[in-house]
Amino acid sequence: MGSITKKFKELKRRGKKALIPFITAGDPSLTVTEKLVYTLEESGADLIELGIPFSDPMADGPVIQAASERALKNKVTLWDVLSLVSRIRKKSQVPLLLMGYYNPIFVMGLERFAVKAGQAGVDAVLIVDLPPEEAGDLRKELKKNKIDLVHLLAPTSDEERIKKAVRSASGFIYYVSLTGITGARLTVSDEIRQQIEKIRQSTALPVAVGFGISKPEQARHIADGADGVVVGSALVRIIASEGKKASLFPKAGRFISSLRKAIDR
Amino acid sequence: MRRFPDKSGHFGIFGGRYVSETLMPALKELEEVYRQIDSSFHQQFDYYAKNYVGRPTPLYFAERLTQKLGGAKIYLKREDLCHTGAHKVNNTLGQCLLAKRMGKPRVIAETGAGQHGVATATMCALLDLECVVYMGEEDIRRQSLNVFRMKLLGAQVVSVTSGTQTLKDAMNEALRDWVTNVRTTHYCIGTVAGPHPYPMIVRDFQLIIGRETKKQLKQLKEKNPDYLIACIGGGSNAMGLFYPYLKDSSVKFIGVEAAGEGVTTGKHAVSIGAGRVGVLHGNKTYLLQDKNGQILPTHSISAGLDYPGVGPEHSFFKETGRATYVSVTDKEALAGFKLLTETEGIIPALESAHAIAYLSKMIRRTNKDEVIVVNLSGRGDKDMNTVANAMGVKLE
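Respectively, the protein sequence lines represent chains P and H. Here the numbering used here is used: the first residue of the first sequence is 1, the next is one more, and so on. Here the numbering used here is used: the first residue of the second sequence is 1001, the next is one more, and so on.
Read the hints as simulated data drawn from the structure, not as lab findings. It cannot be assumed that every hint is accurate.
[Said to hold, decoys possible] If you want the ones that stay clear, here's a sample from chain H, every Cβ over 10 Å from chain P, calculated:
{"#": "1", "residue": "Leu1059"}
{"#": "2", "residue": "Arg1211"}
{"#": "3", "residue": "Ala1335"}
[Stated by the list, open to error] Mimicking DSSO-like on lysine-lysine, the simulated pairs with C-alpha atoms at most 27 Å apart in a straight line are:
{"#": "4", "chain 1": "P", "residue 1": "Lys75", "chain 2": "H", "residue 2": "Lys1291"}
{"#": "5", "chain 1": "H", "residue 1": "Lys1028", "chain 2": "P", "residue 2": "Lys163"}
{"#": "6", "chain 1": "H", "residue 1": "Lys1291", "chain 2": "P", "residue 2": "Lys143"}
{"#": "7", "chain 1": "P", "residue 1": "Lys75", "chain 2": "H", "residue 2": "Lys1267"}
{"#": "8", "chain 1": "P", "residue 1": "Lys116", "chain 2": "H", "residue 2": "Lys1291"}
{"#": "9", "chain 1": "P", "residue 1": "Lys198", "chain 2": "H", "residue 2": "Lys1028"}
{"#": "10", "chain 1": "P", "residue 1": "Lys163", "chain 2": "P", "residue 2": "Lys144"}
{"#": "11", "chain 1": "P", "residue 1": "Lys164", "chain 2": "H", "residue 2": "Lys1007"}
{"#": "12", "chain 1": "H", "residue 1": "Lys1028", "chain 2": "P", "residue 2": "Lys164"}
{"#": "13", "chain 1": "H", "residue 1": "Lys1028", "chain 2": "P", "residue 2": "Lys140"}
Each residue gets a CB set at the ideal place from its N, CA and C atoms; glycine is no exception.
Please model the entire structure based on the sequences and the hints provided.
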């Protein structure tokens, strides 16, 4: 059993929901990202998403695009992200999910990527522009290295799409809570709850919800119906404004604690 | 012969559907609607192609150019005479009619030189569709005339300031819009790239160029051409000319990419000739990228060729050897621009000038009983500022 599956099981047993923050690796620097991972874990994160910077992040809003650009200015590569994970693994066993676009992985080579990611201690991978239909080769390589492949589902996904995604995915399902790019404003609707119910009819995999969650109240509301909540842009915004200042860590920590408290209530 | 793309949208290893899950249903819907189009759709398409776009466009024997260059007989397929001034309208006519069929009231598009944007805005005005065009800030500067045209046609032009502020970034932004508004919006991609079914659909709407060429050469009692030459950005005008000749193996396809300041300078847009296979904008194809898979900025004097990728079927043609891909520099393109203007009295778009430039290079290797068709994909009015700048002339 992968450590992500274990984590969701443990949370379920304790009646809790997973809190999953997203940060872009190398924004504002790899050193800060490493320290930030420990801060997030201490402040109540159950699983951490690390963004792999990409020059053309087509599914992301301006906040995460800018984070990607900052990381690329630092010349952060996929190799650097994998080394970062190795370093984190010396101090922390928090489950780590790499999130990014397909091209850097394709160019590295699927087998090479999967082996290196396995050695580094990556637990799961989510590729935004790799739907189940195109994911076969990567899935095979990841499986050999005991890494989960997480798929997205969206409000536009019908039953056929849901079935395809859950057959291909492991670890959990990432439900995109609104049609749109990351960081757009949340429209809390019954639709989310209904969609999650529909997904649950097809799979026992946990369902985490993301895209557009920025406030403790929203997080709590979403957590009610889901197994976990992802918070990205709101956290990346704090990183953007604090940069390399020491105040970044307490600020990010307080933000994550406030979400933790809200979803545990 | 097998037909491409296959069911899942692949041309060999190229093409496919590399998009976020949110868009998958929209792509399926588009594919279904497209596969179900019937004779009434084709009638409608043909009606507008003839009476509105002005098709068939002439296949013109460039006698003076032929004499001057002293090689094969040169024919120009006059897509520059289409309504709106370029071949782009063939595709936007088809896609906007599809949007109508799907009941989507809003159409978005990306544009580089502005030709696709103008063609989209035009069809949206005609068919009463809301239109939003994404255009890189850099391109807005160099193509201000087309920006004004789009606005006159009722389109909203959104300036894209992210990344390199050119065509690829406009496409990123259009994709972001589409993800957000997918239920009400059709994304009208301007070239034979993007996720399946776009490379197929755009090809099919553009192959009217090659079909007419075939018919017109027959009427002229001319033999099958020995060479077809067209410029390549994403590659839609080239694909439109080439595709009907796919099975005529004696017809050589030549695609001309933009070498900008030269392939060795790094300032160019030679995706096939100098790129590597990768995944961007929904398809697997040749891309200009660094060793870590980050997409590289491109350069060309022609905004329409300033793109780091190419349609997947062209990558497939390159792989199978069906087509040859070459490149010419900004300087050579400008010389081609002058050559055609002065010998034939036709001012070509800077994109099409790349094809003319290569023609003037390769013609020495041809003989007088051979036939060449060059696709004159667009007219040059939009490029007056750029050309004047390059010539050191100040326009008021």
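Next on the checklist: Run through the hints listed earlier and report the numbers of any the structure violates, in increasing order.
Outcome noted: none
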